[in-house]
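Enquirer: Sequence:
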Amino acid sequence: MSYHPIHPPSPAAHRSHTMAVSELEVDGVVFPPLARPPGSAHAHFLAGAGVRGMELGGNFIKFTAIGVYLQADAAVSALAAKWSGKSADDLAADNAFFRDVVTGEFEKFTRVTMILPLTGAQYSEKVTENCVAYWKAAGVYTDAEAAAVDKFKEAFKAESFPPGASILFTHSPAGVLTVAFSKDSSVPESGGVAIENRPLCEAVLESIIGEHGVSPAAKLSLATRVAELLKEASPVGEAAAEPVSVSA
0 MSYHPIHPPS PAAHRSHTMA VSELEVDGVV FPPLARPPGS AHAHFLAGAG
50 VRGMELGGNF IKFTAIGVYL QADAAVSALA AKWSGKSADD LAADNAFFRD
100 VVTGEFEKFT RVTMILPLTG AQYSEKVTEN CVAYWKAAGV YTDAEAAAVD
150 KFKEAFKAES FPPGASILFT HSPAGVLTVA FSKDSSVPES GGVAIENRPL
200 CEAVLESIIG EHGVSPAAKL SLATRVAELL KEASPVGEAA AEPVSVSA
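For the sequence shown, numbering that gives the first Met the number 0 assigns the number 0 to the initial residue and increments by one for each residue that follows.
Simulated from the structure, these hints should not be mistaken for lab results.
Worth double-checking, as some hints may not be accurate.
What the hints assert, rightly or not - Between beta-carbon pairs, the in silico distance windows are:
#1 A137 with D93: 18 to 26 angstroms
#2 A173 with D88: 27 to 35 angstroms
#3 S233 with E24: 23 to 31 angstroms
This structure is a prediction, so every number in the text was calculated from the model and none was measured.
Where a beta carbon is used, it is the ideal one built from N, C-alpha and C, also for glycine.
Construct all of the structure, not just a fragment, from the sequences and the given hints.
Expert: Laid out in structure tokens, this is it:
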């Protein structure tokens with residue numbers, strides 16, 4: 000397996016630090032260690048990946064494979080202040096950690112690749128149903144969110160996703176959700192529909208790795224890999240650490 004070093008600049012660090020992350024394979028779907036979201040100026044590292052599925056008739060049916068990427072030059076330093084020194088088990092069990100990933104002041108990129116075929120309408124209906132339920136429970140559902148949901152559904156209306164096709168979400172710290180599509184696992188350099196609504200931007204990722212996230216496997220993977228990166232990033236001002244091989 001190949002490893003791709005990332006060199007994230009940290010204003011707090013006195014010496015350079017190198018972190019290396021591995022690719023992950025989820026049910027035959029490969030998530031590379033690095034990705035650059037459509038239209039983004041930033042490289043992102045693979046923070047975690049896992050399957051989404053459910054029990055049907057006594058069998059666990061897998062629908063999608065999900066990879067969550069975080070901005071390489073900002074995410075680890077942003078999370079380190081609060082979460083450095085915590086174990087993978089600590090992070091995995093703490094909803095506040097995942098909330099900090101969702102709301103952190105850095106870009107996130109989520110790739111959802113189909114294992115089973117799905118229509119755009121089916122996917123967008125389920126995602127927005129979860130989002131609206133979350134907003135209503137939190138008392139933050141307004142006309143702005145309703146309009147954002149309509150725009151989200153419209154983006155998916157004409158789409159159909161065979162196995163291997165991907166949905167790509169870029170979550171900006173400014174609260175803009177960009178939705179793009181790929182017929183395979185590749186990531187286009189540009190394109191997509193931008194929806195300016197912070198609650199929707201956060202809720203899409205929250206629905207995957209939040210308290211009631213649809214992919215417990217992705218949550219555990221993310222906690223495991225980020226804990227290792229935080230551990231490697233912690234010796235500030237000491238000799239530069241060797242690259243760490245992070246795997247789930």
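Enquirer: Check the following: the C-beta atoms of A173 and D88 are separated by a distance inside 27 to 35 angstroms.
Expert: Check passed, 33 angstroms falls within 27 to 35 angstroms.
Enquirer: Could you tell me whether the CB distance from S233 to E24 stays inside 23 to 31 angstroms?
Expert: holds (29 angstroms)
Enquirer: Taking 18 to 26 angstroms as the stated bounds, is the beta-carbon spacing between A137 and D93 within them?
Expert: Check passed, 19 angstroms falls within 18 to 26 angstroms.
The structure shown violates none of the earlier numbered hints.
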